[in-house]
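**Student:** Spelled out, the chains give:
2 protein chains.
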Amino acid sequence: METIFSYHHLREFTHEVFIRMGCSLDHAALATEVLLSADLRGIDSHGIARLSGYVRLWEAKRINTRPDIKITHETPSTAVVDGDSGLGLVVAPYAMEVAMRKAGEVGTGWVSVKNSNHFGIAGYHAMKALERDMIGMAMTNASPLVAPTFATERMLGTNPIAVAIPAKEQPPFVADFATTTAANGKLEILQRKNEEAPLGWIQDKNGNPSTNPHELKNGGALLPLGGDREHGSHKGYCLGAIVDIFSAVLSGANYGPWAPPFVSFLPLAPDPVGVGLGHFLGAMRVDAFRPADEFKANMDTWISRFRAAEAIPGKEVLIPGDPERETYHHRLDNGIPVVAAVVKDLQDLAGKFDLNF
Amino acid sequence: METIFSYHHLREFTHEVFIRMGCSLDHAALATEVLLSADLRGIDSHGIARLSGYVRLWEAKRINTRPDIKITHETPSTAVVDGDSGLGLVVAPYAMEVAMRKAGEVGTGWVSVKNSNHFGIAGYHAMKALERDMIGMAMTNASPLVAPTFATERMLGTNPIAVAIPAKEQPPFVADFATTTAANGKLEILQRKNEEAPLGWIQDKNGNPSTNPHELKNGGALLPLGGDREHGSHKGYCLGAIVDIFSAVLSGANYGPWAPPFVSFLPLAPDPVGVGLGHFLGAMRVDAFRPADEFKANMDTWISRFRAAEAIPGKEVLIPGDPERETYHHRLDNGIPVVAAVVKDLQDLAGKFDLNF
Chain A
1 METIFSYHHL
11 REFTHEVFIR
21 MGCSLDHAAL
31 ATEVLLSADL
41 RGIDSHGIAR
51 LSGYVRLWEA
61 KRINTRPDIK
71 ITHETPSTAV
81 VDGDSGLGLV
91 VAPYAMEVAM
101 RKAGEVGTGW
111 VSVKNSNHFG
121 IAGYHAMKAL
131 ERDMIGMAMT
141 NASPLVAPTF
151 ATERMLGTNP
161 IAVAIPAKEQ
171 PPFVADFATT
181 TAANGKLEIL
191 QRKNEEAPLG
201 WIQDKNGNPS
211 TNPHELKNGG
221 ALLPLGGDRE
231 HGSHKGYCLG
241 AIVDIFSAVL
251 SGANYGPWAP
261 PFVSFLPLAP
271 DPVGVGLGHF
281 LGAMRVDAFR
291 PADEFKANMD
301 TWISRFRAAE
311 AIPGKEVLIP
321 GDPERETYHH
331 RLDNGIPVVA
341 AVVKDLQDLA
351 GKFDLNF
Chain B
1 METIFSYHHL
11 REFTHEVFIR
21 MGCSLDHAAL
31 ATEVLLSADL
41 RGIDSHGIAR
51 LSGYVRLWEA
61 KRINTRPDIK
71 ITHETPSTAV
81 VDGDSGLGLV
91 VAPYAMEVAM
101 RKAGEVGTGW
111 VSVKNSNHFG
121 IAGYHAMKAL
131 ERDMIGMAMT
141 NASPLVAPTF
151 ATERMLGTNP
161 IAVAIPAKEQ
171 PPFVADFATT
181 TAANGKLEIL
191 QRKNEEAPLG
201 WIQDKNGNPS
211 TNPHELKNGG
221 ALLPLGGDRE
231 HGSHKGYCLG
241 AIVDIFSAVL
251 SGANYGPWAP
261 PFVSFLPLAP
271 DPVGVGLGHF
281 LGAMRVDAFR
291 PADEFKANMD
301 TWISRFRAAE
311 AIPGKEVLIP
321 GDPERETYHH
331 RLDNGIPVVA
341 AVVKDLQDLA
351 GKFDLNF
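From first to last, the protein sequence lines stand for chains A and B. Read in order, the letters of the first sequence correspond to residues 1 to 357 in my numbering. Read in order, the letters of the second sequence correspond to residues 1 to 357 in my numbering.
Pulled out of the complex, with its shape left as it was, chain A reads as follows:
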């Protein structure tokens, strides 16, 4: 049920779709790179599978493909960026660049973004810092699908956090995770296979535990990391809330249940409390704390010591970023598997724009 496409093939096609949407050449190239970094890293839910979703948001005039992205407020270590309803795929790289420039000047840079849209995988943006010997951080709020502890109402997105930390000989530490028990993408996989979800991932509309992967369509909700109160779901709720506030209350974007949905068929919340979706990007120069070589050598020790930790027989202790890096290299060489439903979706898109896929 999957077809393998080369990265090159998917890139050509995606680039052309962004061009047809009206993006500049630079923006189309950047948006393509950011979007497909998800497919390369194995986060299939956030890559080319979403391309038609971006097109539908553009058709609904919720995405401006010729945005005037700019800084609206700043201090030496902070800025607010207005994305002018642009693709998050190009707004977030702009904001991350501002954060890194400020880190270069005063040690750290922190940028809260308003008036944006879905920015792809958080990890892409955080990893941009690595090549400059900086720690990168990226977070974003998202369509409300998550019920806080004890709530039956969806108030938060899956609000991911990514942190990328450079090492010397070892590959970098790259954490990139939704602040829910399981990302929505994992649920989508179970939906396609019609398999049950583990308890602790979702609840029904009354707040009862559920294993039905289709429960969200019936008013159910994803659960914060922890799953239930006894297992610390209030901590996952805190994390999702912090991401929401840093991304959207600091910047002036829509927060909580007002966050604009990714799917264009859902209406925007009435009486918005801000503009568009919000992100938060950060960069810290490691030599703002200690010599970069010394820091990176200690990261090598950290990584090799954790990788060597005693493990359950047959298992190994992974370093955050290990699985995605392996997938990246494998898919770059051997191609990217795309499930039939997404292939169909892309063929429809090709038809719409008179392209080949």
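All the given hints hold, so there is nothing to weed out.
Per the computed footprint, the stretches of chain B lying under chain A, defined by three or more beta-carbons under 8 Å from a beta-carbon of chain A, are:
no., segment
1, 152 to 163
2, 247 to 259
3, 279 to 292
4, 309 to 320
With a cut-off of at most 35 Å between alpha-carbon atoms, the simulated DSBU-like pairs for lysine-lysine come out as follows:
no., chain 1, residue 1, chain 2, residue 2
5, A, Lys193, A, Lys315
6, B, Lys70, A, Lys296
7, A, Lys205, B, Lys296
8, B, Lys61, B, Lys352
9, A, Lys315, B, Lys217
10, B, Lys344, B, Lys205
11, A, Lys217, B, Lys315
12, B, Lys186, A, Lys205
13, A, Lys186, B, Lys205
14, B, Lys296, B, Lys315
Don't read these hints as lab results, they were simulated from the structure. The C-beta atom is built at its ideal place from N, Cα and C for all residues, glycine as well.
Following the hints, put chain B in place on chain A, whose structure we already have.
**Tutor:** Then chain B, alone, in the frame of chain A:
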């Protein structure tokens, strides 16, 4: 099995113990305030129950009560602070002050601390930022008790994260949580009552799920938030790792399994990779992003909207910090309950220093 003591009584006693340990008047007063903020906020495991532990660390010459705390490296928005083996209870407030001063100057301030000891509750330090219209953050590494996903070895502490965010009319948002399913203090409560722990909190020495609250004495481990791989324990492991790296690799403290244990009867790890324990403190001026009044009015909206979220019948959606604030006011007025084992411990301490308790 509990005795109620007034805050005043516990404060007088604790202050005198710190004086007998050789602290200056200023340091004794500060350490007392920080330590007992845990008891007032209902985090009993981190308050006066630990006082005799600090005394034993001092007797073992692992705590220097006359520290020369200083900045060893800095940029406009960052610093590394050397705690000179001082009480974390006084080192962390110094570092937080540095972070807030830098935030005043360039928008944000970020301080990584080495050569410190246990700093009490993270929330105390983060909340210092509130009175200056700043967002405060505090984290620390801690005695290795937690096994990463698939590990049988204890590699990380319960590594808490606190984030405090000011509002206008509403009380502030204060998240303060261990990056494990359950904090060690919750396990201690079950140990005293000889009750079973829920599955997902701990594992035995072979990595099997366990409900025995005494399992850590047999080589077992606490589990990262999420509990197991299927429920996202790799995310809790990421969080604990990020806290460890920000607190100790950035500063030059001991990280991972090298973090010095709080209990004085355990030896320090051979071949240390740094000095003492590490913390990470941060402050962001909200008006470095948007006018403070505007930000705080939106936080009021955030808080009241979340508090009004539809809830499971009989339950309500809480705002992070709600339960601790209620406990704080109640205990300040009505006294602090101290369990018999801790009362006995404090009476022994009184005997040692020829004090009354």
